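S.K.: Got chain F; can you put chain Y on it based on the hints?
The listed protein sequences derive, respectively, from chains F and Y.
Heads up: the first sequence begins at 1 in full-length UniProt numbering, then just goes up one per residue.
Heads up: the second sequence begins at 1 in full-length UniProt numbering, then just goes up one per residue.
Check each hint, because a few of them may be wrong.
No more than 27 Å apart at the CA atoms, straight line, and that leaves these computed lysine-lysine pairs for BS3-like [claimed, not checked]: (1) F:112 with F:136; (2) Y:97 with Y:119; (3) F:142 with F:119; (4) Y:136 with Y:9; (5) F:97 with F:9; (6) F:142 with F:21; (7) Y:21 with Y:136; (8) F:112 with F:21; (9) F:112 with Y:97; (10) F:119 with Y:112; (11) F:136 with F:9; (12) F:9 with F:142; (13) Y:119 with F:142; (14) F:112 with Y:119; (15) Y:9 with F:97; (16) F:119 with Y:9; (17) Y:112 with Y:136; (18) Y:112 with F:112; (19) Y:9 with Y:142; (20) F:119 with F:136; (21) Y:142 with Y:97.
Hints are computed from structural coordinates only; laboratory data are not their basis.
Bear in mind that the values here come from a model prediction, so they are computed numbers and not experimental data.
2 protein chains.
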Amino acid sequence: MFTDEYFMKMALQEAETALEKDEVPVGCIIVSNNRIIARSHNLTETLNDVTAHAEMQAITSAANYLGGKYLQNCTIYITLEPCVMCCGALNWSQISKVVIGARDEQRGFINKNLTLHPKTEVVTGILENECSEIVKGFFRAKR
Amino acid sequence: MFTDEYFMKMALQEAETALEKDEVPVGCIIVSNNRIIARSHNLTETLNDVTAHAEMQAITSAANYLGGKYLQNCTIYITLEPCVMCCGALNWSQISKVVIGARDEQRGFINKNLTLHPKTEVVTGILENECSEIVKGFFRAKR
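So here's chain F without its partners, still in its complex pose (with noise of 0.2 Å):
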């Protein structure tokens, strides 16, 4: 029950939830023991802010939650691949696990080299085409 797939479809929930608000449709959460601790969706437009990716929101409720900056046996699940501003914090938190719905090519870190921490494990393409498709469609309407 507890899939990857699983886990995409409630990070995908909440990139819907920023398409209501015509925010760049990216949304993820994070995950203990299969147990989501921290959900959260794209902010910058609402909040006029730069840092307010989905990620850096998540990465803060969740040590929030744990009462520790440190992300181990957690899992990250996010539509869209992080940018290298979330890579970043990403790698500071240690988190054991990102699970990417779609790649970002441009702004993506993959193709920056950049790397997460060691401790990481990478896992890409889960519900690629509807991850991926949210965001398509968000900016063919804005054209």
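M.R.: Structure of chain Y alone, referenced to chain F:
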């Protein structure tokens, strides 16, 4: 009067405040039209949050002051070269100028071949010795 050294001294005062809290002593200020619109220091231990670097807080604070998320016509003075996370955030902010005190060869963005926004001017080496010495002294005392 309003030289880079003048404003870097203010950033150093923030680093000293961090030191008093037993935080890695990094401080920064953001200036717009020779006026300080944000000041902050590293609070990762106090807030139990890896994202609470001085620059991240200052970017959010300055955007809040300006009422917009882009920091055009702003200069950030930082005592230590920004890490990957803060480099990514500064890139998104489109800040006009980044003035750095001490280099951080290991954790800083420059050696990782990351760049800021094409419009952003970067200056390094302002009060380099003082900015470097406060961090080195902190880690020396920890050993």
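S.K.: Against this structure, judge whether each hint is valid.
M.R.: These are the hints, each one checked on the structure:
1. F:112 with F:136: 22 Å, holds
2. Y:97 with Y:119: 8 Å, holds
3. F:142 with F:119: Outside the cut-off at roughly 39 Å; violated.
4. Y:136 with Y:9: 18 Å, holds
5. F:97 with F:9: 17 Å, holds
6. F:142 with F:21: 14 Å, holds
7. Y:21 with Y:136: Holds, at roughly 16 Å.
8. F:112 with F:21: 30 Å, violated
9. F:112 with Y:97: Distance of about 23 Å is within 27 Å: holds.
10. F:119 with Y:112: Roughly 20 Å separates the two Cα atoms, so the pair holds.
11. F:136 with F:9: At roughly 18 Å apart (the allowed maximum being 27 Å), residue 9 of chain F and residue 136 of chain F satisfy the hint.
12. F:9 with F:142: Distance ~25 Å between residue 9 of chain F and residue 142 of chain F Cα, so the pair holds.
13. Y:119 with F:142: 25 Å, holds
14. F:112 with Y:119: 20 Å, holds
15. Y:9 with F:97: Not satisfied, since the Cα-Cα distance of roughly 41 Å exceeds 27 Å.
16. F:119 with Y:9: The given pair, whose Cα atoms are some 38 Å apart, is violated under the 27 Å limit.
17. Y:112 with Y:136: 22 Å, holds
18. Y:112 with F:112: Distance of about 9 Å is within 27 Å: holds.
19. Y:9 with Y:142: 25 Å, holds
20. F:119 with F:136: Violated, at roughly 32 Å.
21. Y:142 with Y:97: 33 Å, violated
Figure legend: structure checked against the earlier numbered hints; hints not met, in rising order: 3, 8, 15, 16, 20 and 21.
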